[in-house]
Each structure stands twice: as C-alpha cells, then as structure tokens.
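Novice: In the order they appear, the protein sequences are chains A and B.
Position one of the first sequence corresponds to residue 3 (our numbering), numbered consecutively onward.
Position one of the second sequence corresponds to residue 129 (our numbering), numbered consecutively onward.
Please note: incorrect hints may appear among the correct ones.
No more than 20 angstroms apart at the CA atoms, straight line, and that leaves these computed lysine to any residue pairs for SDA-like [said to hold, decoys possible]:
| no. | chain 1 | residue 1 | chain 2 | residue 2 |
| --- | --- | --- | --- | --- |
| 1 | A | 210 | B | 168 |
| 2 | A | 210 | B | 340 |
| 3 | A | 210 | B | 431 |
| 4 | B | 245 | A | 310 |
| 5 | A | 210 | B | 198 |
| 6 | B | 303 | B | 213 |
| 7 | B | 245 | A | 212 |
| 8 | B | 303 | A | 256 |
| 9 | A | 210 | B | 204 |
| 10 | A | 210 | B | 206 |
| 11 | A | 210 | B | 327 |
| 12 | B | 327 | A | 84 |
| 13 | B | 327 | A | 310 |
| 14 | A | 210 | B | 203 |
| 15 | B | 327 | A | 314 |
| 16 | A | 210 | B | 201 |
| 17 | B | 246 | A | 84 |
| 18 | B | 246 | A | 83 |
| 19 | B | 246 | A | 310 |
| 20 | A | 210 | B | 247 |
| 21 | B | 327 | A | 211 |
Calculated from the structure, these hints are not laboratory results.
This is what each chain is made of:
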Amino acid sequence: MGALGLPFSEEDGGMGAGPVEVGLVAQEVGRVLAPEPYLAAVVLAGGVVASLGTDAQRAEVLGELSSGNLHLALAHAEPGRRWSDTASSVTATLVGDEWRISGVKEPVLHGDAGTLVVTAALPEGGTGAFLVAGESATTTTATAYDGTRVSRVVLDGARGVPLGEAGADATEGIAVALDRARITACHEALGAMEAALAATTGYLRSRKQFGVPLSTFQALTFRAADMYVAVELSTSMVWWATMVAAERDATATREAAARAALQVSRAGRLVGQEAIQLHGGIGMTAEYLVGNLKAHLTALDHLLGDGSHHLRSLAQGVAAYDALDPLA
Amino acid sequence: MGWAGWTELQRHLWHEEMQRAGVPTPLPFNVSMIGPVLIQFASQEMKERFLPATASLDIWWSQGFSEPDAGSDLAGLRTSAVRDGDDWIVNGQKTWTTLGQYGDWIFTLVRTDPAVKKQAGISMLLIDMTSPGVEVRPIQLIDGGHEVNEVWFTDVRVPGENLVGEVNQGWTMAKFLLGNERVGVAPVAMVKRMLGRAKEVAADQLDDPVVRARVAELENELLALELTTLRVVAHSDGGEPHPASSVLKLRGTELQQAVSELVVDLAGPASLVPPDSESDLPLWARRSAPVYLNYRKASIYGGSNEIQRQIIAGTILGL
Ligand SMILES: Cc1cc2nc3c(=O)[nH]c(=O)nc-3n(C[C@H](O)[C@H](O)[C@H](O)COP(=O)(O)OP(=O)(O)OC[C@H]3O[C@@H](n4cnc5c(N)ncnc54)[C@H](O)[C@@H]3O)c2cc1C
C-alpha cells in the first residue's frame, strides 16, 4: 500500500507524503495494536536516514525500506541514560579509513534487523550516525510487556558507514527525527485511546451488575465522559503538532512535539487506567483488549520521553513569553 | 497465630513492621479472612478442626466468592449447593481466585436457597480442593503472570459438617469478612518501602525538581494515610472494623498505584526491557512496568474503589 514509503520523497523511492499521512497510518496501527515495526523502522530509523543521509544513501536505504526489502532499526538509546538526542557510551573511532563502533545500545526497538542505524559519540565530540550491518552486531531480542520486540545490541568494533558527512556532528538531524517520531507515537496512542474508549463504552452498556447495565451508574458514565474529553483534547494537540511538523521549522516542531507528548502522556494514563478500572477484573486479563491497549500506551509513553520529561523542558521556558499562540 | 490477646493496634503495628522489614506477611486468606470468620461464627468443633491448621499454614486457604456474573454484585452469585442426605452437592464456577493453584481448601459462598431474596439464600461452605469435581484453571493477567484462577465445581460432594454457622447465614459472614479484607489491603508500610526504594535506586534523579516534587507529594499523602490508619485501627473494637476503613482501601490502593507509576517513570526507557532478558539495565527498572500494570488490580479487588465510595457515601455520609 506504500505505507512504508510515506514519509520519504519520491527521489528517495518513497511516496512523497508527510506527517499527516504518517499520522493516519500510525493511528490505525495503534487502534488495532498491529505488531508491525512502523514507528521503529520507518519513522525512527528511516527518519534518521532521511534527515542525515547523502543523496545516494537516502536513495538506496529508503528505497529498499519503502519497498519492504530492508529491515531497518535505530540503535540509539543507551543503558543508564534517559531520553537524549546524543550518544555517549557507544563510541565511534577511526581505524585507518574505517569507522569502528563499540558499546551497548539498549533498548533498541526491533533490533534484529538487516541494517542498523547506530548513533555514536565521535572522537572530536558530538554524535554521529552510522549504518551498520545487522550481522556485525551481537543482538539479543526479547518481547516487552506490550508485545513489542526490544533488543540489546552489543557492538565490538563493528564497521560503520557514516550517514552524511563523516565526522560531522549529527545531533540536530537526530533530534529532528526523534521529534517527528514523538508526534507519530502520539498518533499511535490516539488510536489506542480511541479503541480503549470504544471498548469501555460498549462494556458499560452490556455488563450487568445489580440487575442493571453498568451504564445505569452515573459515577461510571461521567468517568467515560472524562475519558472522551481527554481523547478530544489530545486529538487537537496531536493534529496541531502534526501541522507544525509539516509546515514549520525544527525549533517549532520540537516545541509542538513536546506539548503534544505531554498532553498525550497524561491522557494515555487516564484513558488506559480508567478503561481497566471500568471493566473490573476482566480488564486485567492478558486475553482482553483493554489491558493490552493500556500496556501499549504505557510503552509508547516511555519510549521517547514521558510527560514529566516534556513538562520539564516546557517549564524551563515559561518566563520567556506572555501567552501561547498556536499560529504564531 | 502468635497474637492471641493482642489489641487491634498491636496487631497492626506488628504487621506494619513485618512489611517494613520486607518479610512475607501471613497469608491474608488465612489470617485476615477465614480465621476471624471461624472465630466469630463457627461451632466449637469446627474451630478445633480448622483453626490450628489455619494458623500453622498446614491449610492454604483460597477465597471463592466472585463469579463471572457476580463481582461487585456479590450477592448475585449462582454456584449452588443442594442437600443430599447429610452432604451438599456443589455445582458452579468461581473466578479470580487468587493463588488458587496453591490452595488446599477454599472458603466459598454458595446459593442454598434460590427462592428467597438473594442475600438471604447464601451459605458459607468450606471445600477441600482435592475433592473430585473441583478443577482449577489458570487466568493470565496483563503483566504476563499467573496469580488468579477459575475454579469449577461439578457435582462436588461436600460433607454437611463443612458448613460454617447456620444455613443461609452466609451474607452476614461475607460482610464481616469483607470489612476485615478492606483493612488489610492498605499496606502503608509496603508502599513506604516501595517509595523509599525508588528514592534509593533513582538517587541521581532527585536533583530534578519535577521528581522531587512528586516524591514529596506522595510522601505526604502516605503520611496522612498512615496516621488515618492508626486512628482507624485504634478505634476498631470487638472485631468490627471502623466505618472509615473504606478510606484505607480507597486511598491505600491509589497510592500503591501512584508509587508504582512513579517507579516506571524513573526507569524511563529501561522499563521497556523485560525482566527475564539478558540486559545491561537494572532489574528494578525492567520489572517496573509489569509491576505498575499488575497494581491496576488493587483498585478492583476486595471491593472496587467505586464500591468503597458508595460505602462512604451511603453508610458513613448517609447519602
Ligand atoms: C487480581 C484480582 C484478584 C482477585 N482475587 C479474588 C479472590 O481471591 N477471590 C475472590 O472471590 N475474588 C477475587 N477477585 C475478584 C474481585 O473481588 C472482583 O473483580 C471485584 O469484586 C469486581 O468485580 P468484577 O470484576 O466483576 O467487576 P464489575 O462488578 O463488573 O465492575 C466493573 C466496574 O463497574 C464498577 N461498578 C460495579 N457496580 C457499581 C455500582 N453499583 N456503582 C458504581 N460502580 C460500579 C466497578 O467498580 C468496576 O469499576 C479478584 C480480582 C482481581 C482483579
């Protein structure tokens, strides 16, 4: 359907679509909890290649990715560090004219991929990004609590091909890709929240206790109403951030991504927790939908920066402006 | 049970100290639930038969109250017990039976008179889980663990002497038991220990004002709950729980959940890595998300938090 190539330009073998189309796909992925590595391979790993790669690298890697021939993963997070745009314990060194990458990346989403995009600290400072063949890393992959596959990737002098200009600091380009991925993760969360709300209202109408449907108890229907409020507010924020990403610069996108992610973090918790609570015991079971939606919402929330993380960065700036204007 | 003659307050303090030390506390099904019911309602003969084994854990008890269609509306239960000579023949299904896979005996609520008002036709029966016709089936929860079960009864023959108290007196005993269960599920010391441990493992994040504010807020809420617990316990007399015990269940479970949520947030991306995988990340962080998901149960079982609010509104506030 071309979904894999949506974010990439036609010259690079993609569909030339943008964040809006990517968001729509991500919402569907979230709604049905599709176990596809869309966020991991296309948006995160592909996004770093798109923002940093040379013309030739983009055409080759993104073309293969778009056609479904290449499994790509971004190895960026490192043990002992929280969300960051840079790499530190994984390092790149120049041996002769070859770059060698060493260190541990964890957690890596779907890290058992044919090609890895690995970020690494550069000898002269800054962070670079490299293409590394999957087989030159030692990868152990396990299934996370929400069903996502996560890997520990150990690199021991693996050969890396610099993405873009060799030795140049790529932090900016990595940040751009991470911000876009944040917005995409928000779309996935929106899909999951909508599904959780629908399941909950359906359950309140059908489950009987005390001889009447649960929807007879106002205490419960009001809580479903609050879930709806949270979903609607999130929808507005996420689509606004998506428009900003489609039309504005990296700085504006960064702030919009943080605002959307904060809203969605709070909403995802409320909606996920209430969905389980309003279902009672059945909501706790592995075979029932809402528990799985809640698990995935929790994972999305902790993947690229949770609400407190974004609140912290937003709080630092509040003294610098009078009031927020979404169109400014 | 080692606390014969203790006041409620002494018993509570001892329990809290056990939790603070991280020592496994006595099995609540034995000590907080069926034990006190037997003491209060059972015949002398039944007490002599069951209480020593209950105290020494020679019997591991399970609680067989809930059914698929009778959760919050417990009195709607349908598992039936029908007289056959001196015996009862039990048919039906219980669900959510915690740790039932280890259970030797199960205390159940069964319908002994379908003709009367639903609360009036219920009795309490003790059933040996090795009896023919008893089947325990596992239920997997969202953290991947197995702690609850379905228990099926097909023509299970239960000796008449296993009836607790009188026929059709079960609802009175159930209410007594559930009141005690509520007191037991506000594990203040355990939550305090979780929070203390969170501060320890994430010490480097305490520089962050957002984290510090959240910890301080939780600590204050926990202090308020601890003081309230002491007040409630000190005023519980004659085995009757203080009416405000619903506050303990409500707030205790909310705080337990809030602390487990803080811990996943402290773990951040490390929370995505499963506990049983080969990893460079600390185990507390890898366990944090399953623990957080698992604690969603706390506001559902033992009388859901909505039911606690209803008790507060109805029984205490008279609304
Ligand atoms: C992990 C776990 C362990 C358990 N262990 C045991 C055990 O060992 N033994 C045992 O017997 N049971 C056990 N239970 C069962 C537990 O007591 C029930 O799940 C609980 O009573 C809720 O019933 P339910 O799941 O049928 O939800 P429901 O009663 O269907 O409730 C669904 C939702 O509606 C709300 N609700 C229901 N009625 C009202 C009302 N009148 N007003 C407002 N809100 C209402 C509930 O609060 C809940 O949010 C356990 C449950 C869990 C999840």
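Novice: Evaluate each hint against the coordinates.
Specialist: Outcome of the hint check:
Distance check on the hinted pair: residue 210 (chain A) and residue 168 (chain B) sit about 33 angstroms apart at the alpha-carbon level, beyond 20 angstroms; violated. Between residue 210 (chain A) and residue 340 (chain B), the direct Cα distance comes to roughly 44 angstroms. Violation of the 20 angstroms bound is thereby established for this hinted pair. Between the alpha carbons of residue 210 (chain A) and residue 431 (chain B) the distance comes to roughly 16 angstroms, so the proposed pair stays at or under 20 angstroms and holds. This hinted pair does not check out: residue 245 (chain B) and residue 310 (chain A) have alpha carbons roughly 52 angstroms apart, beyond 20 angstroms.
Straight-line distance between C-alpha atoms of residue 210 (chain A) and residue 198 (chain B) comes to about 9 angstroms, which keeps the hinted pair within the 20 angstroms bound. Taking the CA atoms of residue 303 (chain B) and residue 213 (chain B), the gap is near 29 angstroms; set against the 20 angstroms cutoff, the hint is violated. Restraint check for residue 245 (chain B) and residue 212 (chain A): satisfied, since their Cα atoms lie roughly 13 angstroms apart, inside the 20 angstroms limit. Between residue 303 (chain B) and residue 256 (chain A) the alpha-carbon distance is near 56 angstroms, which puts this suggested pair outside the 20 angstroms criterion.
A hinted pair counts as satisfied when its Cα atoms are at most 20 angstroms apart, and residue 210 (chain A) with residue 204 (chain B) qualifies at roughly 11 angstroms. Between residue 210 (chain A) and residue 206 (chain B), the direct Cα distance comes to roughly 15 angstroms. Compliance with the 20 angstroms bound is thereby established for this hinted pair. With a CA separation close to 43 angstroms, the supplied pair residue 210 (chain A) and residue 327 (chain B) exceeds the 20 angstroms bound. A threshold of 20 angstroms between alpha carbons decides the hint, and for residue 327 (chain B) with residue 84 (chain A) the separation of about 17 angstroms falls inside it, so the pair holds.
Taking the CA atoms of residue 327 (chain B) and residue 310 (chain A), the gap is near 17 angstroms; set against the 20 angstroms cutoff, the hint holds. Restraint check for residue 210 (chain A) and residue 203 (chain B): the C-alpha separation of about 13 angstroms stays at or below 20 angstroms, so the hint holds. Pair hint residue 327 (chain B) plus residue 314 (chain A) holds up; C-alpha atoms about 19 angstroms apart against a cutoff of 20 angstroms. The hinted pair formed by residue 210 (chain A) and residue 201 (chain B) meets the criterion: a straight-line CA distance of about 9 angstroms does not exceed 20 angstroms.
Among the hinted pairs, residue 246 (chain B) with residue 84 (chain A) is inconsistent with the structure: their alpha-carbon atoms are about 55 angstroms apart, more than 20 angstroms. For the suggested pair residue 246 (chain B) and residue 83 (chain A), the alpha carbons sit about 58 angstroms apart, so the restraint of at most 20 angstroms is broken. Distance hint between residue 246 (chain B) and residue 310 (chain A) is unfulfilled; the C-alpha atoms sit about 49 angstroms from each other, more than 20 angstroms. A distance of roughly 18 angstroms separates the Cα atoms of residue 210 (chain A) and residue 247 (chain B); the hinted pair therefore holds under the 20 angstroms criterion.
For the hint linking residue 327 (chain B) to residue 211 (chain A), the alpha-carbon distance of about 42 angstroms lies beyond 20 angstroms, and the restraint is violated.
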